[in-house]
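Asker: Heads up: the sequence lines are chains A and B, in that order. Using the numbering used here, read the first sequence as starting at 1 and increasing by one per residue. Using the numbering used here, read the second sequence as starting at 1 and increasing by one per residue.
A hint or two may mislead.
Unchecked claim - Between beta-carbon pairs, the in silico distance windows are: (1) Thr125(A) x Gln189(B): 31 to 39 Å; (2) Lys121(A) x Pro33(B): 42 to 50 Å; (3) Ser188(B) x Gln111(A): 34 to 42 Å; (4) Ala94(A) x Asp100(B): 48 to 56 Å; (5) Pro142(A) x Arg113(B): 42 to 50 Å; (6) Thr139(A) x Lys157(B): 26 to 34 Å; (7) Pro185(B) x Ala55(A): 28 to 36 Å.
It is worth saying that the hints were derived from the structure and are not from the lab. By construction, the Cβ of each residue, glycine as well, lies at the ideal position given by its N, Cα and C atoms.
Listed below are the residues making up each chain.
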Amino acid sequence: MIGRTLLLTLAILLPLSSEAAQADHIKASNAWIRLLPANLPAGGYVTLQNQGSSAATLVSVHSTAYASAMLHQSSASEAGGSTMRMLDRLAIPAQGQVALAPAGYHLMLEQATHPLTPGDKIDITLDFSDGSHLPVQFTVRPANASE
Amino acid sequence: MKLLRFARVAVFSIVLGAPLLLTACQQQDSASPWQLTDISGHMPDLMFRLTDDQGKAVTAADYRNKVTLLYFGYTHCPDVCPLTLAHLHVVMQRLGNLADGARILFVSVDPSRDTPEVLHAYVAAFDSHAIGLTGSPSDIEALTKRYRAAFSREPDKRGGSYDVSHSSGIYVFDASGKARLLATPTDSQDKLVHDLHLLLSPGDAK
Ligand SMILES: [Cu+2]
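Isolated chain B, as found in the complex (with noise of 0.2 Å):
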């Protein structure tokens, strides 16, 4: 058990290793447009079969044609999840009507307490571009191991409640469903906005 945790842990270093190494290539680049890591063609493309949180089967296909934003958490997290999606709540906010193209995934690593009835009441506290997504632990633990993004349930506390710990990267992925960007959580809300607003208007991309 806790060689497994350890190798999880060894494999999530790695990939974390990987977009430091881009961020470099990035900047002597300085033609890219990305103000967030570049992540195109190092990951895979969007795809996974989930419960929504109206309770709806989904696969990604649901969300071609929308710029996706896949973000790992769960809703007993009362600091840092909302924290992020509070903050992607502003970005969507200051990207005004362009938001429409845009989804945010909040994909729960804690699946035996988030329902998709509690997971439609925590979403939509936030913002009515964000989805909640549940599922069994086999295909969750299949879409966080596709973007090697690690999470690990925590001993239980007194009262039989628990903490997961997880990854707090955001993965943007186009309408077409390809991985392009990485955003930490101390990424600010002007490189967010500045690089959606290319993906969700192309078309002046300069």
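Next up, chain A with everything else stripped away, as it sits in the complex (with noise of 0.2 Å):
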């Protein structure tokens, strides 16, 4: 039975130690979140270097200080107006890197679970598409912040 259950857990294991998984090589970097007031939705942003030699694949995101977080692109669209909309995935190319920035790629959150202010650290987990998870520290700006 202890047997077993070892030969399983080595299974699970093997995998993950002999290819690292796709966070690890993840470097994120000035990460900030634009606060709005009556807990309207925020902008997240923040970059992202892929240090590895293959592709990474942010599939999510999520943080216990927002009922709901989403990767989402904003677009001109074809009518000179401006546009959103979720993404399933987003590819960071290896040795390349991904700029989530201002009128781009952003985290769409909403319904903070408790009042933010300018100043907080706020801890967003993004999800791998391998199921590995990179916490990350973003710094709460206020609404009027340049970049």
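Each of the two chains sits in its own frame; use the hints to bring them together as a complex.
Answerer: In structure tokens form, the structure reads like this:
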């Protein structure tokens, strides 16, 4: 019985240890949240650098600080306007970087679970396609913060 | 419904073509003092009947003697609208005392969620010269049509929330309510500061 459990555990652990997880190769920097009043949805931004030799794919984000956190992209519509859409995945190429920055990729953070103020540090976890996770600390900035 | 939306997009595409032509003319005319797109004579004077973020009924006449920056958006927009308002805040700061002669008019294209109270908290978080305006859907639509600015409600997401796609231009009117300039979100703060400086202090225009 014990032998079997050990074997199972090894079988689960081995693939992970022989091939490092996507999250291990991602370096996050300049992580911040634009705080809006009245618990309105907030935008989250971060630069993700992939130092690994294979692509990493971000599939979702989650945080205890928000009831809902989604990957979004703003883009200019053909009509010269602005529109947002939800993303299922966002690939960060090997040795490359992707910036989540205003007017492009961003986190859509809705329904903060407790009141936030500028200067607060909020943990948001990035979930990758291989099941690995990267916790990132975001700094809360005021609504009118410049990049 | 789909056809209606297509029609709106088509109308807007036409107006987008116009500023491009204007830009082309403008470049030949080196005497033009403007760095943004000059829309003088191409767009109607500022006119509307809406409710401000204090809950007061207002019209364009209430902002005569102010240079106004008209922008359409909605408060549940976490990315592009706040970015634009944050940019305008920097522009206002750079204008110093001259900014007292200017008002940012943030018109909601989502009046069912944007009550005067929400709008008040929202615009106040960006700049003291910003005013939130909302109103009946028909009055708002009349204003967007007047400036050929399209907007449409996107399908509901889970949880019942929704996004609104909207035009992202900033229309600048002079103190007499005449349409003068059109700025796009990609225009630099320098251009806005330069042109607003001219509009706000015509005396030292060069
Ligand atoms: Cu978004």
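Asker: Hint by hint, work out which the structure violates, then give me just those numbers in ascending order.
Answerer: 5
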